[in-house]
Amino acid sequence: MTAHDARFVGGAIPLSGSVDMMHGSGGRATAELVQALFVRHFDNPMLRAGNDQAAFQPPAGRLVISTDGHVVSPIFFPGGDIGSLAVHGTINDVAMAGARPLYLSAAFILEQGFPLADLERIVVSMAAASRLAGVPIVTGDTKVVERGKGDGVFITTTGVGVVPEGVDVSGDKARPGDVILLNGSIGDHGVAILSKRENLAFETEIVSDSAALHGLVADMVAAVPGIRVLRDPTRGGLASTLNEIAQQSRVGLRLDEAAIPMKADVRAACELLGLDPLYIANEGKLIAICAPADADRLLAVMRAHPLGQEAAKIGEAVADDLAFVQMRTAFGGERNVDWLAGEQLPRIC
Amino acid sequence: MKYVDEFRAGDLAQGLAAAIAREADPSHTYNVMEFCGGHTHAIFRYGVQDLMPANLRFVHGPGCPVCVLPIGRVDNALELAGDPRVTLCTYGDMMRVPATGRRSLLKAKAEGADVRMIYSTQDALRIAVENPDREVVLFAIGFETTTPPTAVVLKQAAAAGLKNFSVFCNHVLTPAAITHILESPEVREIGTVAIDGFLGPSHVSSVIGSQPYEFFAQEYQRPVVIAGFEPLDVMQATLMIIRQLNDGRHEVENQYARVVTREGNRKAQALVAEVFELRSSFEWRGLGLVPYSALRIRPQFAAFDAELRFGVETKPARDAKSCECPSILRGAKKPTDCKLFGTVCAPESPIGSCMVSSEGACAAYWTYGRFRQQTRPAARSTEAAA
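Protein sequences appear in the order of chains A and B. Per the working numbering, residue 7 is the first one in the first sequence, and the count goes up by one each step. Per the working numbering, residue 1379 is the first one in the second sequence, and the count goes up by one each step.
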């Protein structure tokens, strides 16, 4: 098609500059945005079909669905951006059921004035993350809100997956005596984000650990189908996630601080800001709880995977009706590891 | 991590714990008040109490700057934030402090007030420069540690001739509060406070030095050992206090010699003296009026004094009636003695000041030590020595 012909079938409204209200109008501009950005970069047959939904034959087994809204600031950070995060986060939520993720949907809420170049960068990043993970984005939605009514871009992703036969993972299955494992160092994502926040320009080499964990999970459930609990400690960090599991399973959890992997830069940044790394967000970490007899095998499988090389046993479940999470400190004392109260705020001195 | 791990080594802690156990006279009880919230935080976060003998009790003092700011001053900050012309800048942990009617700056921000969380006073100055059409007010709080940075921005604002920047000054002084703990009439009403020695502030002392505590140690015959915020610092300083008490001495000793000198930071002191002057009296949350315990901005910097610029008037405001914070801040009661603790007062919904900041005694009890109330045998608990 020549440029002259293109005028009569589409492309009359140029895709440049920034997001405009007409990009959310449902008219030609919306269609062009969808074609030029989303269909082009996410390209797959289901999306290309141009329907408002994706139809597929569900495989045998239990289906899993999970949805997640992403409102990260800054949008671009060391080791990732809101796009790759939106893909990894939902894949991981599906995978934490022990499931194999199949498809993703993505809904974009764009603020009027958001640079289209930045949007394209995000979409390219999402497409790359989705391709690398082997989990296509097959349907989606775009809305535009007026300037001042959004924060540039919000992305909601939904994922579906299927749980292999014989796997039954859930947060309420931890039992006294079970072993708690973690696949690597904590706090990397939160510190990478903090380092780029306005007013907090401290030097660090830390990049976000944002990653899709379903490959690691597949190896883990193949080796130990009886894994009791899987959970990714994202917002609220390791401490909040363990409190959730303790409450769901009505067991106490006892951690060994010295065994929890943490990078020196993360510790230093948290020290500087008066923050506790146990409460800092992660995006490429998982907690696994299994029977003691399975722990060594599971640890070996985790360490054999690129995303679990630093995996460690970090504690155990104990009988405790109060469902407290406690920690033996590296110092030799004991402390409670409580829920986070509101947002963790830096101390004054 | 260089210069941090060295002060958190478990084997050194065990050695110090053995020395403390050896030297603590079993026929005595040692009540050691840590003035600073930073010490309280370290004691709970690292489980230092677990390494102490049963006859040594840490008493948590009023050294959390967020906890001791009276409700009336937080009300003032809320009024300032409510002025549509004003952008109010403050440190993070002030955002949640409950004021009258359980309002807070966090809630005011949610309702549309322009409240900005800052990490340094320089952030507030930058916001003022970048927003010449806004009245930028720095809600300045804290002990001697955070006072010099406030003095610096006041001087910078004056030098730059900024017309839209001012400071709501709430800086308070440590030695006056320590003295007040032992001699105020309220303490006599509450009962005898059995404090045998003090862990002196670390960051505060890096500015004012150890000398200001000498009169106090002599007058009240209590040992003061300036201690760093690392858990090994706290343990070593505790051993030094035990030794003084065993020897019948009451001196100022400096465990934190790697940072603190007797004279302190003269440059910072001169800067503070140039910009601030003493208030004759200032209300502390939980302690009431404490004479000569706070600073205000000197007349030559009056143009940058938010109290003058906005006609701030502090009205008396009361804490909740059943709140035991006044007794807890003086060490007369433990957080768990308060009926509100863990019932209606918790970190998510603080009523008393000690539950507000992570450095507050009640917040530390709740966050780090709550399991002790339920699951620990009494012989190992913090309460055992009480």
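Fair warning: there could be bad hints in the mix.
[As the list claims (entries may be wrong)] Facing chain A, from chain B, some residues (calculated, C-beta under 10 Å): (1) A1395; (2) G1470; (3) E1592; (4) F1593; (5) E1597; (6) P1609; (7) P1725; (8) A1741.
Just so you know, these hints were derived from the structure itself, not from any lab. Idealized CB from N, CA, C, for every residue including glycine.
These are the hints, each one checked on the structure:
The beta carbon of A1395(B) is positioned within 10 Å of a beta carbon in chain A (closest approach about 8 Å), and the interface hint is therefore held. Below 10 Å, beta-carbon pairs count as interface contacts, and G1470(B) has one with chain A at about 3 Å; its hint therefore holds. Checking E1592(B) against chain A by beta carbon gives a least distance of about 23 Å; that is not within 10 Å, so the hint is violated. Against a cut-off of 10 Å between C-beta atoms, the interface hint on F1593(B) is violated, since the closest Cβ of chain A lies about 24 Å away.
With its C-beta approaching chain A no nearer than about 27 Å, E1597(B) sits outside the 10 Å limit, and its interface hint is violated. At about 5 Å, the closest approach between the beta carbon of P1609(B) and any beta carbon in chain A falls short of 10 Å, and the interface hint on this residue holds. Taken as an interface hint, P1725(B) checks out: its beta carbon lies about 3 Å from the nearest beta carbon of chain A, inside 10 Å. The interface hint given for A1741(B) holds, since its Cβ lies 8 Å from the closest Cβ of chain A, which is under the 10 Å cut-off.
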